[in-house]
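Visitor: Given next are the chains, with one letter for each unit.
Number of protein chains: 2
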Amino acid sequence: MSKPIFQRVALIGLGLIGSSIAWAARRSGAAGELVGHANSEATRARARDLGFCDRITASAAEAVEGADLVILCVPVGAYGAVTAEIAPALKAGAVVSDVGSVKQAAIEAITPHLPDHVHFIPAHPLAGTEHSGPDAGFAELFDNRWCILTPVEDTDPDALADLRAFWESLGARVEHMDAAHHDLVLAVTSHVPHAIAYTMCGVADDMARVTDQEVVQYSAAGFRDFTRIAASDPVMWRDVFLANKSATIEILGRFVEELMTLQRAIRTGDGDHLLAYFTRTRAIRRSIIEAGQDVETPDFGRASRPPHQK
Amino acid sequence: MSKPIFQRVALIGLGLIGSSIAWAARRSGAAGELVGHANSEATRARARDLGFCDRITASAAEAVEGADLVILCVPVGAYGAVTAEIAPALKAGAVVSDVGSVKQAAIEAITPHLPDHVHFIPAHPLAGTEHSGPDAGFAELFDNRWCILTPVEDTDPDALADLRAFWESLGARVEHMDAAHHDLVLAVTSHVPHAIAYTMCGVADDMARVTDQEVVQYSAAGFRDFTRIAASDPVMWRDVFLANKSATIEILGRFVEELMTLQRAIRTGDGDHLLAYFTRTRAIRRSIIEAGQDVETPDFGRASRPPHQK
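Chains D and Z are the protein sequences, given in the same order. One point on numbering: in the working numbering, the residue at position 287 of the first sequence is 287, and numbering is uninterrupted. One point on numbering: in the working numbering, the residue at position 307 of the second sequence is 617, and numbering is uninterrupted.
Where hints are given, some of them may not hold.
[Stated by the list, open to error] Okay, the calculated beta carbon distance ranges per label pair:
#1 D468/Z - G292/D: 32 to 38 Å
#2 R590/Z - D158/D: 33 to 39 Å
#3 G342/Z - D49/D: 54 to 60 Å
#4 E85/D - R577/Z: 42 to 48 Å
#5 R577/Z - A58/D: 37 to 43 Å
#6 R286/D - A490/Z: 48 to 54 Å
#7 D116/D - G579/Z: 44 to 50 Å
#8 A42/D - M570/Z: 46 to 52 Å
[Claimed, not checked] Some chain Z residues well away from chain D (every beta-carbon gap over 10 Å; in silico):
#9 D516
#10 A531
#11 I598
Read the hints as simulated data drawn from the structure, not as lab findings. A quick note: this is a predicted structure, and the numbers were derived from the prediction, not measured. Beta carbons: idealized from backbone N, C-alpha and C, even for Gly.
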C-alpha cells in the first residue's frame with residue numbers, strides 16, 4: 001500500500017471500467033477515498049453491495065465535490081451532458097479525465113463545459129471484457145494493458161505526471177499520443193474489428209439456409225471467436241462508431257478492398273496468393289504473444305494443453 | 311478402457327488432428343493398434359518421440375495394410391494423390407474416412423480412387439486450435455465438440471455405426487448431414503470467419519499510417535481475437551478456400567452487403583439502427599455459451615474473474 005496519488009477520486013459511471021478502476025485503486029492504494037456515481041438506482045444499489053467505493057452518490061455533481069481526480073466512465077455520447085452537470089462542482093486544480101475509446105470527439109464534447117481552473121487530460125485504457133455493468137469489474141483488468149493519454153495543448157506537467165502514476169498504479173502501461181492518431185490506431189485495432197464481428201454475427205443470424213441452431217452448434221469452428229467482442233456493450237459501441245466515423249469508414253474501405261482481393265484469389269483459384277497471404281498473418285500473432293498482449297496457450301487457454309506441455 | 315472399436319487404425323497425416331485422434335484413441339482404448347504415417351521424415355521422427363502411435367511407417371500404403379479404419383488427416387488438396395497411393399493396399403471391408411473441412415470436394419477427390427470393397431464415410435470433426443504439427447495434438451481436443459459425418463448413398467449401416475462409436479469414444483458428439491449443406495454451414499461458421507480474420511490481419515499489417523508496433527501493442531482492444539484463427543495452418547486453409555469456393559463466395563457476398571448497411575448507418579449517424587443491431591448479436595453469444603460451445607469466463611478465460619465471482 002503506497003501513499004495515495006489522489007486524495008479523493010470520483011468515478012462517474014460504475015460499469016465494467018468504473019468498477020474495475022475502483023477495485024484496482026483499492027488494490028494499489030492510489031486513491032485516498034473513492035466516490036462513485038451511477039445514473040441508475042439499480043447500479044448504485046449493486047455498487048453499494050459490492051463495496052468497491054467508499055461512498056456512492058445519487059448525483060454526479062455531489063460525487064465530484066472536493067475530488068482531486070474525476071474520471072468519466074460513461075459512454076462517449078453522454079460526455080457533454082455529464083460534464084455540464086459536474087462543471088460547477090469541480091474543485092480548483094482537479095484533474096478531469098475519461099476512459100472513452102474515441103479521443104477527438106471526447107475532447108470536443110468535454111472541453112467547452114469545463115472551467116479554466118481544472119486540468120483536463122483525456123485517457124483511454126485499452127482493456128475490457130465482453131461483460132458489462134458493476135458486476136463485471138475486477139482489479140486485474142488493467143494489468144499489463146496499455147492506457148493511452150492524449151493530452152491537449154499546454155497540459156500541466158504535474159497533473160499529467162499524477163494521472164500517469166495513477167494508471168501505472170492500476171497495473172497499466174502508459175503512452176502519450178495525439179488524439180487524431182489515437183482514433184486512427186484504434187479504428188484499426190478495435191473499432192473495425194468490432195464492426196466486422198458484429199456484421200458476421202448479423203450474417204450468421206440471418207442465413208435462412210442455415211438454421212440458428214446450426215450456427216450455434218458448429219460455432220467452435222471459428223465463428224465463436226467473433227461473438228465475444230460482438231457481445232460488448234451496445235450503447236458504448238453505438239457511441240464509438242458515431243464518434244469515430246471518419247477513421248472507421250476509412251479503415252472499412254481498406255478492409256473491403258483487401259477482402260475483394262482475397263475473394264478474387266479464391267474465385268480464380270490462385271493457391272499461391274492464398275498460401276502467401278495466410279502465411280504472412282501468422283507472424284502478427286507471434287508478435288502479439290511476444291509483446292505480452294495475448295496468451296500462447298491453444299484456443300486462448302480455453303482448451304487443455306498437449307500432454308507433453310503440461 | 312473399453313473393447314477396441316477398430317482393431318487397427320491407420321492415421322495418414324500426423325499434424326494437430328492426426329496426433330489428437332491418436333491421443334484420444336489411446337485415452338479411450340477405441341483402437342487396438344495405432345499406425346501413423348507422415349510425409350515428412352521430421353514429422354515421423356517427432357511422432358516417434360512423442361509416442362502417440364504404436365508404429366510409424368515411412369509409406370502411406372504400408373500404414374494402411376491390414377487397417378480396419380483409415381483416416382486421412384492431410385490437407386484436402388492432397389486427398390487425390392494419397393488415396394491413389396493407399397488404394398491398392400486397403401483391406402477388404404475397411405472403413406476409409408477423413409477429417410477435411412470441406413466435404414463435397416473431399417468426396418470428389420477420394421471416391422474415384424477407392425476399390426469397391428471398402429466403406430468410404432466422409433467426416434469432419436469441428437475442433438482445432440491455432441497450432442499445427444504433431445506437437446500440437448492432445449487427447450481432449452474433441453471433447454464436447456461436434457463431428458459431422460456426411461455419408462454418401464448406400465453407406466453400410468454397420469460401418470457407419472462403428473465410425474460413429476469411434477468418434478464418440480474420442481469425446482465428440484456426432485451428427486449426420488448432407489455434404490452440400492455441410493459446406494454451406496461451415497462457410498458461415500468457419501470459412502468466411504477465417505477469410506475475414508485473415509483479411510483484417512492483412513489490413514493491419516499494411517496500414518502505413520499506423521505502425522506494426524502500434525498494431526501489436528494495442529491489439530488487446532479487439533484485434534487480437536482475430537489473430538488466433540488467422541494463425542491456423544496456411545496450407546490447410548488454402549485448400550479449404552479452393553475446395554469450398556462457391557459457398558465461401560456466396561457468404562462473403564452476404565457479409566459485404568451487411569457490412570455496407572452497417573457502414574451506411576455509421577456514415578448517416580443512425581444511432582437507433584446501430585444500437586438495435588449491436589443488441590441483437592449479444593443473444594448469439596449467450597446461445598453459444600449455453601450450448602457448451604464456448605466458456606463464459608471473461609475474455610475467453612484469459613482474464614481473471616471478478617473477485618466476487620471467484
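Visitor: Each hint: holds or not?
Guide: Each hint tested on the structure:
1. D468/Z - G292/D: 32 to 38 Å: 53 Å, violated
2. R590/Z - D158/D: 33 to 39 Å: 47 Å, violated
3. G342/Z - D49/D: 54 to 60 Å: Since G342/Z and D49/D have Cβ atoms about 59 Å apart, the given range 54 to 60 Å holds.
4. E85/D - R577/Z: 42 to 48 Å: 31 Å, violated
5. R577/Z - A58/D: 37 to 43 Å: For R577/Z and A58/D the Cβ distance comes to about 39 Å; the hint holds.
6. R286/D - A490/Z: 48 to 54 Å: 37 Å, violated
7. D116/D - G579/Z: 44 to 50 Å: 32 Å, violated
8. A42/D - M570/Z: 46 to 52 Å: 38 Å, violated
9. D516: 7 Å, violated
10. A531: 4 Å, violated
11. I598: 5 Å, violated
This entry does not satisfy hints 1, 2, 4, 6, 7, 8, 9, 10 and 11, going by the numbered hints stated previously.
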